[in-house]
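K.L.:
Construct the entire structure; sequences and hints are all you get.
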Amino acid sequence: QITLKESGPTLVKPTQTLTLTCTFSGFSLSTTGVGVGWIRQPPGKALEWLALIYWNDEKRYSPSLKSRLSITRDTSKNQVVLTMTNMDPVDTATYYCAHRPYDNIWGSYAFDIWGQGTMVTVSS
Amino acid sequence: DIVMTQSPDSLAVSLGERATINCKSSQSVLYSSNNKYYLAWYQQKPGQPPKLLIYWASTRESGVPDRFSGSGSGTDFTLTISSLQAEDVAVYYCHQYYTTPFTFGPGTRVDIK
Chain A
194 QITLKESGPT LVKPTQTLTL TCTFSGFSLS TTGVGVGWIR QPPGKALEWL ALIYWNDEKR
254 YSPSLKSRLS ITRDTSKNQV VLTMTNMDPV DTATYYCAHR PYDNIWGSYA FDIWGQGTMV
314 TVSS
Chain B
305 DIVMTQSPDS LAVSLGERAT INCKSSQSVL YSSNNKYYLA WYQQKPGQPP KLLIYWASTR
365 ESGVPDRFSG SGSGTDFTLT ISSLQAEDVA VYYCHQYYTT PFTFGPGTRV DIK
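Just so you know, the protein sequences line up as chains A and B, in that order.
Heads up: the first sequence begins at 194 in my numbering, then just goes up one per residue.
Heads up: the second sequence begins at 305 in my numbering, then just goes up one per residue.
Hint data in this document are derived by calculation from the structure and do not stem from the laboratory.
Just so we're clear, the structure is a prediction, and the values are computed from it rather than from any experiment.
Hints may contain errors.
As the list claims (entries may be wrong) - Computed footprint of chain A on chain B; a stretch qualifies when at least three of its residues, placed anywhere within it, have a C-beta under 8 angstroms from a C-beta of chain A:
(1) 338-345
(2) 356-368
(3) 400-411
Glycine included, every Cβ here is placed at the ideal spot set by N, Cα and C.
P.N.:
Right under this line is the structure:
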């Protein structure tokens, strides 16, 4: 059974750096093709994809946020860490991490299992 | 970026009736090497994360009731709930995972009439 759980601060001040951790179980981020992504959702608004890290440490970022984001993995701890610099009130959102499966026949799939999310408020 | 649009923004359907949600991508999400549309549908209820309903535009995720179906081709896709149940009240999002940046539609709210 695959599970993911996000953790991190619930409140950050403007200009600070946000660090979120996704701790997962039920799969390995060393398995060929597997990925873990981060997606956020401001209150009452739509989903926005932020970043993705693959089994081979390849990384992808939202172009609009690329200069502020960093995604890393620790395969020994089954964790993926997202760092976002220079936080602003508009970054107030629920942040989700999600599993992206893969198989040798069809390749990469849609995000199938999501964490419960962690709400981050940016305010002074 | 591939822009995803959805219509309507919201709809209210009587219990047992059909609900249809449309999604359009600004460019093709068809991967020619496997002939799959990289289009998914998610259901999100208040306070919950999105739940995957449909992937490859028409493949139902395991455990999803068969009243949910996906269809479409080209750049136009549809999610159909054949007989709306009370537990289907939610916001539904389409999503392209063909290329980064991955993008989501703005969502369609489904309520009971």
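K.L.:
Against each hint, give a clear statement of whether it holds in the structure.
P.N.:
Cross-check of the supplied hints:
1. 338-345: This one holds; 4 residues, not fewer than the three required, reach chain A with a Cβ under 8 angstroms.
2. 356-368: holds (count 4)
3. 400-411: holds (count 9)
In the structure shown, no violation is registered for any of the earlier numbered hints.
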